[in-house]
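Asks: Next come the chains, spelled out residue by residue.
Number of protein chains: 2
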Amino acid sequence: MQKDIKIEDLTTPCVLVLDPVVRNNCIKMNERAHSLGVDVRAHMKTHKTVEIGKYQFEKNQNKDQVIKIIVSTLSEARFFSKDFSNILYATPISPNKVDEAYQIHLDIERLNIMFDNIEHVNSMVEFSKTNPKYSKRWSVFLKIDCGYHRAGASPELQSTTDLVHLITKGEFKDYFDFQGIYSHSGHSYKCNTPEEIKELAKEEARVTGDYGKKLKSLGYHVENVSIGSTPVCSHLPDDLTSYGVTEIHPGNYTFYDLMQMELGNCSIDDVGVHVLATIVSVYPERNEILIDAGSLALSSDPGCTHLKNRNSPNFGIVYDDTNLRIVAASQEVSKVQSSNGSPIDFSKYKIGSKIRIIPNHSCLTAAMFSNYHVINKDNNIFKTFKPNKYW
Amino acid sequence: MQKDIKIEDLTTPCVLVLDPVVRNNCIKMNERAHSLGVDVRAHMKTHKTVEIGKYQFEKNQNKDQVIKIIVSTLSEARFFSKDFSNILYATPISPNKVDEAYQIHLDIERLNIMFDNIEHVNSMVEFSKTNPKYSKRWSVFLKIDCGYHRAGASPELQSTTDLVHLITKGEFKDYFDFQGIYSHSGHSYKCNTPEEIKELAKEEARVTGDYGKKLKSLGYHVENVSIGSTPVCSHLPDDLTSYGVTEIHPGNYTFYDLMQMELGNCSIDDVGVHVLATIVSVYPERNEILIDAGSLALSSDPGCTHLKNRNSPNFGIVYDDTNLRIVAASQEVSKVQSSNGSPIDFSKYKIGSKIRIIPNHSCLTAAMFSNYHVINKDNNIFKTFKPNKYW
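These protein sequence lines map, in sequence, to chains H and S. Under full-length UniProt numbering, the first sequence has 38 at position 38, and the numbering climbs by one with no breaks. Under full-length UniProt numbering, the second sequence has 350 at position 350, and the numbering climbs by one with no breaks.
It cannot be assumed that every hint is accurate.
Heads up, the list lumps identical chains together, so a pair's fine if it works in one copy or across two of them.
Quick list of in silico lysine-lysine cross-link-like pairs, DSS-like style, CA-CA up to 30 angstroms [stated by the list, open to error]: (1) Lys-308 x Lys-190; (2) Lys-136 x Lys-190; (3) Lys-136 x Lys-213; (4) Lys-350 x Lys-169.
Simulated from the structure, these hints should not be mistaken for laboratory data. The model shown is predicted, which means the values in this text are computed figures rather than measured ones.
Construct the complete structure from the given sequences, taking the supplied hints into account.
Replies: So this is what it looks like as structure tokens:
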């Protein structure tokens, strides 16, 4: 039935997912990883759909790779557990989520839990002790701070290595199956050039890889050394495995967005998600357009405001005419201006016309919608994807 | 059943609505308006719930006031049409929404449509001409630009008055029931002090009121002269009716938020919505806390970044200790720091502890959730409100 709906008939604002673009992004990331000898642990947080999750493993050239994913919430873990059996929950576990996490862990091969503090370890052990009927070991990753300073234990602290000892050879060794170490280079979004990102990629690989090597030298088994962020995964060093890295965990690359374009990680034609909006009024006297996609459709992420050559403020650009930019976003409407000040062609941009917007941050934008209209290369809607929502 | 759930048992992140606070905010705004001799056209966009919509008319001291509301989307108009019969749709109508709007208009006393361009008028007339079975007149407001320069026709242009003529005495007079004029002072959020907001309130009242007087002097009937924005409605001039204003249309005041606090429009105890989050890790070595409420729970609205004495960046503050501020928000986690640099008391803020956050912008934050946990003065959850979602 969906086949009969045309883009021009859609209620706006809404999201278009460009199917061939997304699939190509997935293939390219897999090829890049495999040519470097590492696996992709595909992140689901950007799209939150089973369909695109499967695209992330299409034409997987490394036939031996385990299909392994990463999610940003326990709700996602539950959602994806029907189709994936090796899942990593990306946030350090809090005691109030231990029970729910364990139930998911029981249902699949392994729900890997992240820890970076003794309290995480204690809460898992306490659950196991008070529920002796559950004998399955917790499957865990140690989160390492590679310099982003958001989450993760410092690899320089002895207490970090003590944690690994505790769960592998120490008092709690019977409760855990230590899977390896993980870092996230979120600070890559603050880089100014692809060269800076490339340096950061080496730095993350070095910090996390070196800590993996240290643990191995101390006699601990470290199966996975996982690094990532889409910017870093777009600029990996050729000798990645020499650092000891075994897998990367990008997510945004499925959709990309304006931030990734501005950082030099993709081109406009690689962006797999557009917000479709309608022009609801025009103001030739101010050379401005008003559209029906505001902060609740685009998100209010201001994007890479640190980039010097960027037109700001800016909540997205118009796909068909990148000189047109969203300069202000209210809850349900946004204001579009010509970034170089040239007169807008109001014979083309009329009230009722639809425009496509490349959003600043596709992870947040996609999360604003209850479904995605999926289009093929001929711009025909041929599927609807329903993302996981909430917590 | 909901009565048995305690705050400490809630899955985080989630939203708490402070029932007595919200009801008091509604009563105070009504009292303020009525003491000045104007009506409140209550905006639904912040909370999007029927329950709070009704709170906005509780203890309405002006017994003669029509119960009239304003909404930000047609989806909201449909949602609220079961309980409210006089609704204003706040965005200029686009041709693709004319049909849906008219169907709602048929179902209630009046769905008022906003216009600021001849194309809006034309599209409504065209609908009526091609659907002659529908004889009900369109009920419309003219949107006036009072200086915010987002939407609205300029009161200084002859073409604006020509539009009023066209639909009241001109060619299209049989299709329309002209309800009056409307302005929105969104630029009040860029003010620096309550005094500046007070000046802006006078300015909006003057610009919009004067245009209403001009239309009347030209012989047009202007029943409603509507101004607003929560900041302006918090600092109205005592002689508001002398400007010709008949109604105000605030929305955010039901919940308020950190931006309203920082602008001087409310106190922390007036904020009616808190985001409940769990501490998922602590980093004493960096004097930082990690919580499980990120951009998808708080929104990524950076708030009043223009205020000079503000700690920035800042995506919210901790209710119980306003020295603790969210300095960085990722998709699902945020980083909390002590804003004056004093050591965080980690014996109080432990992994697993819950904290309440005052968000920057409650309209966007509330929209991130599928339901609100409503608490009474004793912090017991006694109701759940389900807001309207999407478009």
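Asks: Could you run down the list of hints and mark each one as holding or not?
Replies: Comparing the hints with the structure gives:
1. Taking the shortest Cα distances, Lys-308 and Lys-190 sit within 30 angstroms of each other both inside one copy (12 angstroms) and across copies (24 angstroms).
2. Taking the shortest Cα distances, Lys-136 and Lys-190 never come within 30 angstroms of each other, neither inside one copy (41 angstroms) nor across copies (56 angstroms).
3. Only within a single protomer do Lys-136 and Lys-213 lie at most 30 angstroms apart by alpha-carbon distance; the minimum there is 28 angstroms, versus 77 angstroms between protomers.
4. For the identical chains of this complex, Lys-350 and Lys-169 are inter-copy neighbours only, at 27 angstroms across copies versus 69 angstroms inside a copy, given an alpha-carbon limit of 30 angstroms.
Consistency note: the structure conflicts with earlier hint 2 alone.
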